[in-house]
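Heads up: the protein sequence lines correspond to chains A and B, in order. The numbering of the first sequence is the numbering used here, which starts it at 106 and goes up by one. The numbering of the second sequence is the numbering used here, which starts it at 1050 and goes up by one.
Don't read these hints as lab results, they were simulated from the structure. These numbers were taken from a predicted model, which means no experiment stands behind them. Here a beta-carbon is modelled for each residue, glycine too, at the ideal position from N, C-alpha and C. Please note: incorrect hints may appear among the correct ones.
[To be verified] Simulated restraints on C-beta separations:
# : chain 1 : residue 1 : chain 2 : residue 2 : range
1 : B       : W1073     : A       : D179      : 35 to 45 Å
2 : B       : L1091     : A       : K149      : 23 to 33 Å
3 : A       : Y368      : B       : R1089     : 48 to 58 Å
4 : A       : G423      : B       : L1091     : 47 to 57 Å
5 : B       : R1089     : A       : G731      : 37 to 47 Å
[What the hints assert, rightly or not] Calculated lysine-lysine pairs in the DSSO-like style (CA-CA distance at most 27 Å, straight line):
# : chain 1 : residue 1 : chain 2 : residue 2
6 : A       : K595      : B       : K1083
7 : B       : K1083     : A       : K278
8 : A       : K149      : A       : K239
Take a look at the letters that make up each chain.
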Amino acid sequence: MDTILSTELKCYHCGDDCTGSNVVLGEKVFCCNGCKTVYEILEKNNLIRYYSLTEAPGVSQRKAQMKNKFGYLDDPQMSRSLVDFTDGRVSSVRFSIPSVHCSSCIWLLENLYKFNPGILSSRVNFPEKEVELKYNESILSLREVAELLSRIGYEPEINLSSTEGGKKKTYSKSLYYKTGIAGFCFANIMLLSFPEYLSLVNNVDALLKSVFIYITLVLSLPVFFYCSSGYFSSAIQGLRKKVINIDFPVSIGILTLFGRSTYEIVFLSAQGYMDSLSGLVFFLLLGRMFQEKTYGLLSFERDYKSYFPAYAVIKTGGLETPVPLSGLKEGDRIIIRNEELVPADSVLIKGSASIDYSFVSGESLPIEAVEGDLIYAGGRQKGTAIELEVIKRTSQSYITRLWNNSDFIKPEENRILTFSSVAGKYFTASVLLIALLSAIYWLKFGSTQQALNVFTSVLIVACPCGLALSAPFTLGNTLRIFGRNKFYLKNAAAVEKLSRINHVVLDKTGTLTRLSEKNIRFFGMELQECDRKVIKAVTHNSMHPLSRLILSMMRDTELIDAEEFKEYPGGGLEGVADGKTVRLGSVSFVLGSDSGVHQGGSSSVYVSINDEIKGYFRAESIYREGIRELAHCLRNYNVSLLSGDYDGEKDRLRDLLGSRVKLFFRQSPLDKLNYVKKLQEQKNLVLMVGDGLNDAGALFKSEVGIAVSEGSVNFSPACEAILEAQELRGLGDFLKFSKTSMKIIYVNLIVSVLYNFAGISFAVENSLTPIVSAILMPLSSITVVAIATLSTSLMAKIRGLN
Amino acid sequence: MWVLAILMFFSLLVAIVFLAAFIWAVRSGQYDDKYTPALRILLDDEVSDEEEGSRKEVVRSR
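One chain only, chain B, in its complex shape (with noise of 0.2 Å):
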């Protein structure tokens, strides 16, 4: 039956990691700006011409 008690100490160790995760990102202003980084993502770096004509294309023969 001890088994369990080492599983709940196991189990318990893993929510903490997850918590202190949690706080972390808090803590960094991760949730400061819920919205900016949505639309952040969606901008790529360098796009060069060839590569922004070649998904127009795509887009175009959908």
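Same shape as in the complex, but just chain A (with noise of 0.2 Å):
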């Protein structure tokens, strides 16, 4: 393998490094026999044109599923829960495939039909990475169109909640509707206010006047009881909770410019204020909508739902049956090949496992396991197909026991009451106790009708629009800033509560170390050349990571063949090479069972050569670069450190964390949710970053949960945010800029506050006019949000923020 030696070579389908490859196609050289059929399979059907659109286009497909994974498919109960709709003859499906990343995928994936006459249209939708298909059910089954999919490189992801039910779109169209329905009546009631402003009025007739303000009052009234009805119901909503909220005072504003508007029209034949009524809406619904960001792609409420398969085969007798997973009952054999995951908890029958447990517990390599070992749901079994019997059920197990906690199950309570709500609570008694009080000095001093005027006209004149518009659109603006630095937020309620956080909890394994790589290094006695030639010769037989990482520790030494191997599964390897018998394994395979050495973890391999034990080898996590400099960032910050392993590293833990920060191991899932609570209960705001399964309940409980993500097609528990795993050491600056967010929305707050005072001036002497209104309103508005937006473009720029 070793021999052919090329620097630079790569895969023409997929672009992965395939140096030492021998699959080879005239001159095209792939990395593996998946990529390769992958090509033939294009080139056959005339679509050699996807190689031309980007260079090494395609997936690599090593890591190639077997056959009849889809055979589920064909079940009836199965695909009616995928097809979203159906007429006999025409199907149309949505697939999620998370390998679509390039142009080429798109034009690939939108001339399906060229594969098969069945497959009658294909559109992709490349953000959310969907695929949506209509078929001809009489030609192609629902079954074959997925092993189509997944014959060209683009398997569809097909999990648990994809058939429960969670198709959801969380984006609403009514917000699109809202807003251009106001805009129209906006722009129509300024053009028909217009005459009005420039006191035109004089040379009119009344009659056509009339005709005017009428049409004003028509098409103000979508405007009140469509556009404006959200702020209406979350003004009621919490009024019922008992909280006044920001909507709370912008609602009293809509109502009385409507109210008092409606009067003028109907019964004084006069203006009204519909232009500004209109103009307010139409501001509003646009900060809602800027602020309104979403990630296509990333999920921030998956559950382990979507992280399991949505069937399992079960055997019965010699037969293999799919069941769905919510049909999975204890005492059922299950059959595991490779690279699928294990459903639920269950007890190994037949087979030698060796399981990938990276997302359950962040521990990256294998764990080897044999017949009567306990296997825990949420691993990934990688070699040959193996038999389980199931002990629990798939929402018993171990790792989805989790979601049945009490703390998932009960809502949220919001425990950052947002600044605009804190806000809006003092805008809204202030606004009334002004009102108010002009109003009885008119009262006295003037008529009642005066009182009345003076009264609505503080309520129109006040309503805190700027306060209303100054945080969607700073936090909204910071949100797109984040998203560019690759720190997805999922709304911007999170920054907002980001700039709050006094205690910040980390994971290790996955967070702070990489997932996938790690070191190696050997303790024990000096290996001799002659050792390592022996080692070397053994451990290239074998497949097992350890081995190819022990391997790749000794690339310089001379590769010589093994005159004897065998590898004992759960266990290690023996061989013979250069006459000597090497032993390599685990402290109870080379030492033997009562030896009464510490384990030291799954990731030890003893060496023994001729029964003299030389040492062990030891797989080390890689930490992620800048984690110094991140727990400088965090200085001002109380920081802990969960870890799910041992307390091995800790004192290389201690070195780059500095002495400050708290270090527990052997953390469980349980723990780390229970230890976040705990801070709370002290009264701390928590940021939780952690990454798998393991930290999914810690993550949903804290205050903001970022889960830290190696390419974004990863899958994330529950969170609050997602952080591309590079980014990681530029945390504390995201936090630092949160606080200088809310700062711009404080100073903004001012600027708003000194508008009202004048509009409030205007409207106490009773001089508040329609113009004047139109006037001053657009223009608070407008001010605000040029300070919030280009005030947090500016301080991104200066924080070197791109």
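Two chains, each in its own frame: build the complex with the hints.
The structure is reproduced here in structure tokens:
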């Protein structure tokens, strides 16, 4: 294998390094047969253009799935739960395909009909990584469609949540409708009010004028009843919970504007304030739209259901039947093949298991198991097919039990009151007070009519549109800035929560360390060159990940052939090379089970040559770059580290993170959740940074949960934000910037209060005219919006964020 | 002066047509995916090898 040495040989299909590969077709080299097959399929179907759009656009087929994977799709119940629509002939289905990544992918997936006439059309939604297919059921079955996709390297992802009605779209069209209609009404009402602004009314006869104002009344009806309905319902919802939120004073403003204007139009044939009303609603809705930045592909609501497959294969007698996961019960025998996920806690009955628990525990090296061993749900089998007996249902298994915890079921109480809701309360109180006082004054020294005018004018002009606009625009812009820096927040409210955090909890494996890479080190006697030679000879025959790691350490050593070689699953290797007997493996395998030597975790490999113990290799996690910087940035916070591992790397962590950080080892997922809970009971506001399912509880419970992800395709549990792993060092900057954003909101509050003072002074003197209001209100809105967006962008530039 | 009212009526009518077009666009899902169509337009349907070659030459001669 090591004989061919050429540099930079890349697979024609997927672009992976394929130095030493002998999979060749003409001049094209492929990393594996899977990639070559895909190429051949495309060539046969005249779709070679795929390769000219983007260089090496394919997806590596090295981990190709075995056949018959989609057998369960033949089950009518299953296909019914997936298909969106069918009329008996044409069916429409939407598949999530995580491997979609470039324009070649779009092109190929939209040319699917060339493979098979049964495919009628296919349409890719790139940001969502979805393809919507229409196919002819009499020609193709759902299973064949899925198989066609995976044959060309785009395997659809079908999991438990896609069959359990998890297809809800969060994006709402109604906001588009509302904004569009409000904009339409705003523009037309402005146009109709124009003669009034220029005082041209005197030249127009009264009948024409009343036609104009009645049209404005009609146009304002949809604005009041439809476009602003969201503000009313939110205000009422707040009142039910005995909270006065920011939408309450806004609703009062809208209500008074509409009420007084209608009264003036109908009874006084006057202009009214419909232009201000529609403008206000339009700007508010624009703010909402700006704030609603969604990251299509990223999901912040996932639980274990999107991680587990939809079906499991049960073996009864000699028959293999797929059953839905919900129908899996204790005592069932299930078959798990290579790269498949163990769906429920079970006992290994047949075969040798090598289980990758990286999502459950964060440990990246597979764990060997022999017959009779307990295997936890969430592990992934690497190797041959195994047979298991289920001992706990999926929902009751070790890892999924977390989601049955009461902390997941009870609705989240919002522990952080947003600034706008706090400010809204005082705002409402003081505005009502001013309105009442001035009304009383005018009652005494003027007429009832004047008092009523003043009262409503104050409410109209003091409508906190500045406050209501500054938060969505500032936070929305911050959200975008973070997004450009690969820090994806679920919503704008998360920025504000982030700014209040005082305790940061970090996970170790997968968060501070890299998920898939390890370093190997040798402890013990110094290894002579002749020892290294024989160790290399033996490990060269093994595909075990630890053997590959050891091999990578001995790159410079000469390779000789092993005379004998035997691998004991769950134990280790034994081989003879150069006349020496080498044993490599776990403590009990090399030293005997009663050796009394401390195991030291599963990642230690002991070595003996001719029965002489040489020492052991240990796989150590590689820390991400910039951990020291991160620790420095977080010096103003309390920091804790929770690790699921043994405390073997305690000293290294102390050195990296400093002495202030509290370290906890051997923490189970539930321990992590309880730790966060304990901190919250001590009035801390907690930021949890984690990755896999084992942190899911803590991520969910904390005020802000950040899931660290290597490549955004990865699974991430329910959280507030997703951070790309290489940006972890910048976490401190993000926290600091969230505080800056809040300061900008405070500044904006002052600006809008100043505007309100100006407006209120008009109002209490009873000199608020429609034109003053029509100038003042949009002007304050625009100032606030400009300050909010420009200053956040400027600050981001100063801080070195993109 | 009543010509103003007629003009107003027509301008509203035109605006309503545009509003209806907007609502139709949202309804028919044009706002579901604001990214892919921008990529799709760059992918030609069928390009023969000759055309491909000549295009590359054009790029080179620039």
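Results for each hint:
Checking the proposed 35 to 45 Å range against W1073(B) and D179(A) shows it holds: the Cβ atoms sit about 39 Å from each other. Roughly 26 Å separates the CB atoms of L1091(B) and K149(A), a value that falls within the hinted 23 to 33 Å. The beta-carbon spacing between Y368(A) and R1089(B), approximately 53 Å, falls within the hinted interval of 48 to 58 Å. Here the CB-CB span from G423(A) to L1091(B) is close to 54 Å, well matched to the stated 47 to 57 Å.
At roughly 39 Å, the beta carbons of R1089(B) and G731(A) sit within the given window of 37 to 47 Å. The hinted pair formed by K595(A) and K1083(B) meets the criterion: a straight-line CA distance of about 19 Å does not exceed 27 Å. Restraint check for K1083(B) and K278(A): satisfied, since their Cα atoms lie roughly 13 Å apart, inside the 27 Å limit. Taking the CA atoms of K149(A) and K239(A), the gap is near 23 Å; set against the 27 Å cutoff, the hint holds.
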